[in-house]
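Q: Spelled out, the chains give:
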Amino acid sequence: MQRREFLKFSALLGAAGALPGLLGGCSAPPLPGSGEVSTRRTVCNICFWQCAATLYTENGKPWKVVGNPEDPHCNGRLCTRGTGGIASYSDPDRLKQPLIRVTRNGKQTFRPASWEEAFDTIAGKMQALAEQHGNDRIALFSHGDGGKHFQRLLQAYGSHAYARPSFAQCRGPRETAFGLTFGEGVGSPDRTDMANSRCIVLIGSHIGENLHNSQVQTLMQALDQGATLITVDPRFSVPASKSRHWLPIKPGTDIALLLAWMNILINEQLYDREYVDQYCHGFEELARHVQPYTPEWAYLETGLEPALIRETARAMARSAPATLIHPGRHVTWYGDDTQRCRAIAILNALLGSWGQPGGFYQQEKVDLPPYPAPKPPEPKHDWMAAVQGDYPLVTTGISNALIDHSVGPEAFFKGWFIYATNLTTTIPGIRRQLKQAVESLELIVVVDTMPAEITGYADVVLPECTYLERYDDLRNKAERTPTLALRSPAFPPRHNSKPAWWISRELAGRLDLGNYFPWQDYRDVLDWQLQQVGSSLEEMERIGVKAFPRKTPLYFESGKPVKFNTPSNRIELYSQHLARTGYDPLPKYTPPERPPEGYFHLNYGRAAAHTFGRTINNPLLFELMPENTIWVHPASAAKLGVGNGEYVRLKNPEGTHSHRIRVRVTQRIRPDSVFMVHGFGHTDPRQRLAHGAGADDAGLMHNVKIDPVMGGTGMRASFVTLVREEA
Amino acid sequence: MVEELLVTARYNAKVDPSLAIWSWEIPVYLFLGGLTAGIMCFAAYAVLAHKAADMPFTHDRFALWAPVVLSVGMTALFLDLEHKLYIFRFYTSFEPASPMSWGAWILVLVYPLMVLQTFSTLRRGYPALAGWIERLPFGPEVLNLSEKFRRPVAALVIPMAVSLGIYTGVLLSAFSARPFWNTGLLGPLFLVSGLSTAAALALIGVRLDREKHFFTRTDITLIGIELTLIALLIINLSTGAAQQLEAVNLILGGEYTVPFWLWFVLPGLLVPVVLETFELRGIRSSSLATSLLVLYGGFMLRYLTVELGQISTWTDYAIQFDPQLLLRLTH
Amino acid sequence: MINYAMVIDTTACIGCGDCVVACKNENHVPAGLNRDWVVEETRGEYPHLYTEFRSERCNHCGHATCVTNCPTGASHYWKDTNIVLVASEKCTGCKACIAACPYDARLIMHPQGYIDKCTFCHHRLEQGLDPACVSTCPTGCMYFGIMNDPDSHVSRLLRSRIHKTLLPETGNIPNVYYLV
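Protein chains in written order, with our numbering: chain A, 1 to 727; chain B, 1 to 331; chain C, 1 to 180.
The shape of chain A in the complex, shown without the other chains:
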């Protein structure tokens, strides 16, 4: 090349050709894991499944979180939300410091405060409250194990009222129903032995969209082994898509189907006679009770062909006792939910699956002694009688009942502690009561990691650090293999957040109740407990999860008698408790209300990407699913004049509108129903990702049905229509 051409040539390359160092080629970005990697053992807290996990950091920064292979909750594989949980550490919208409500220029606002100030404010109010009204007038609402610390605090103070919304808003009916039938509830993790099932029946349960880790794993294992899956759901859910039979049932008619199944099993002699003879009470009453409920009768109620009802009943019987009719998890639907769960329990008993492989196993937890500490004083009054007297069969707090008894100056409760639960979207139909309660309550303390909507009602907001930054009580659940799992911090608490064990101890100190919290460092508590069972904190920090041998049998042993915790000491097909308390001792069917013209059944559920509303703001999970959609059948969409991808507002018969929500036209839903994922439509602008994304279903629930037996809020009896957005 001549010199002039070379100059022209390099001029084309611009400055690049002249920059030294580039001509040699720069190195590519470093491969993941090639830096300094360290690990910490933890337990995921993104949902209640509490899978043991290992947190990896690279060069001091969070890298990834991976399931502990030794943990039967996850078998080394975290679910979508668990994998994304690492982003909760760096979420820029986290609560960073205590906040105290003040009035400035007539406007209410929050000002940042120190922990001392926050504790002094709370303690002062608690003491005043005790003097004026009594020390048993504070209610605790909590979700998650950390609530136990505040339970101890409040019990030491004198208040024993405690409700977990996961009872009255979620699994309450099944725990009550199975308790009445088998003497024990289903428990958590659910005692379903699906890995050995030959036939699994899901009544509305969408395992696979609700990612209860080992539930999903064992279900898929069963399918892999050729088990028959039967799904009863108005929507073609993920498990429906893997089922041999999908029963697109008319919403609200499940009990009709369950009764018809009982009818077939009994009349066609397909039930497990030996099992029923050995363990059950009330078979004759049941047999008489179900005679009118033929498949032909059920067809008129459910829309399911009688032949299909018969075929599925026979399929269940063929695989019995390894047939599991899954009790579901969130089962507060139509107000007769305890009775529906009773029907499920009865069917399982007829098939002989309780206590059998492929059915329900016996749970056992590790015999872990509590750390020696003074027992809180006994309560002065029976708060449950005062507040939940209408529900004598319930032995735990009913959150909506507690809220009802917090409204007005004469209400029983004068103060609330709320731990990690966003009551505004969790409990339907209480927005009005909530606002009224907030007027009359003298103290509301909210402890959370994120600025959820409920924090807007608080007098004091206390920031808890995430699970990645703290020790917590050892995980010890009643389950198949007794295990202990350790949550240990991978990072120091970010900003000015603190762990629950510290917050409760400090507050106790301000109230002169410090002697109930005889520990300085929670590591001492954990180490002491572990030493009692032949382990140590040092060992657990190394291995994360430790299994212990069972002391009780996993299944019923044939020939050996079993004593059930019921009045008859047998499995009560006919429930004596219910009869004595004036409820139906055998499930009855009530036809559901029909939607008004132009309205649809509002169905809601979960998505694998999120845990209710609490993960919407998590950057990794928001990126996966930033908004929910409203599923509409094409025929219904055509009638409404809405198209795929358009935005509409949902409207209920009382005229309440939702935020705008994106339409998904799909055949995967009955024409008389619509479906949306719960948890979106956040209104708090401090959650900058979640705010205004998608729509909230809870606010539309105009027709909340209270279950007469356990007091829970049935949420699936509401109706909505779609309103097109004006251009």
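Because the hints were derived from the structure by calculation, they are not lab data. Each residue gets a CB set at the ideal place from its N, CA and C atoms; glycine is no exception. A couple of the hints might just be wrong.
Pairwise CB distance ranges, derived in the manner of DEER restraints [as the list claims (entries may be wrong)]: (1) B/Thr-330 to A/His-495: 42 to 52 Å; (2) B/Met-1 to C/Pro-30: 34 to 44 Å; (3) C/Lys-164 to A/Arg-594: 37 to 47 Å; (4) A/His-495 to C/Pro-30: 23 to 33 Å; (5) A/Glu-274 to C/Leu-129: 41 to 51 Å; (6) A/Leu-31 to B/Leu-109: 36 to 46 Å; (7) A/Glu-726 to B/Met-1: 27 to 37 Å; (8) C/Leu-129 to A/Ala-128: 54 to 64 Å.
Calculated cross-link-like contacts (lysine to any residue; reagent style SDA-like; alpha-carbon spacing at most 20 Å) [unchecked claim]: (9) B/Lys-14 to C/Tyr-114; (10) B/Lys-14 to C/Gly-32; (11) B/Lys-14 to C/Leu-33.
Here the structure of chain A is known, so what remains is to put chains B and C in place on it, guided by the hints.
A: This is chains B and C only, laid out in the frame that chain A set:
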């Protein structure tokens, strides 16, 4: 019924919801590249066919426009790169299976050839510029050498320029993943279009009536061939597989029908060819307008082709979310 | 040549997106970009419906048009395998590879500008680990291994189960298989 959608949000910039990696830079480069090829061809033809007297502009002055036009095109190409500092990597290897690599190296050969071609008639066409060059060291020697080898250079230019013109089309047609482009007709089409635009450009610069006449006649033929090739391209896609049918439907009833026929074929090909025919019949019309329309047509051909190829696709998943929401993550 | 393949059992895939999040964590994929994604395909007429979930990514094709079309050799086969990688120090960001991919599997790294995509976690393969997506899948429906080893799990799965690949008619020879 088939419902196929993304369950997890995906919105990779310039890839979703449909391919948008090349906007105006690449069409500008392809247009100017074709134009360059045409200029070089005509200038070389004038030399080889001894047309110094009949086509003085083409013979003496046209060649200089080539490096100017190409350099603008190369600038556009540089602006398109996402990893600009590494542009030199085009020239640290040769990848025989990659038309783009061929193109990069063709340009390496084209530039010196182009300069030699310009220099070979510089004293005749641009005496002032030649005078300036002669004052530079080795200036007179370079110009003398170029003039001496005027004919051999012109002979080399023709295949080089034709390669350049065809390569701009093969560049796109080699992408089997883009159904609208994946036809062998694109190479010849872009070459012919390049020659046509060069003829139109020449019409702006020529003074001599017989030279004007030559280019008018030649352009009519070239546009005629261009229209034939476009027709063949449409026939090819219309008789092809499902993806090709979907691709051609974009301009036969789909959202690009109006832009293709009304904003490209009509003003960029049909109107100029009619005006040029009138010109030959003696009916005067603005040759500047005709030339501009042809040049506009040449650019629109590239612009629409680049758009249509990106939109035509094998994979098309519906999204279930508002992409604006994802912007919250990065803003 | 070592031919790696990923085999995904769509009958066991629940479309949960765990693979997507795990990949983002493992490979530090920036916000707003994804190397993999999940697709849902429903066919039929109500109520006789069939839904399939697929986790998709770069197919590390045997005849990768992204490799052939790359002008600088930045897009290349890793060692003697079918794993397609991008040498970022050779990438000019011309995006020919993105145009060449029928699967829309490639992305432009932000803010650097070089091209990026699934790497089959080759950095994990070197440690005897599976790719991050395969390791995390909660239903265990993803498998990974060497196809030219007849005794490998993936080979045995492909021999015993009906399977398909995406767009085989492109001629790219994709190496991600879906059991149906």
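Q: So which hints don't hold here, by number, going up?
A: Hint 1 is the one this structure does not satisfy, whereas the remaining hints hold.
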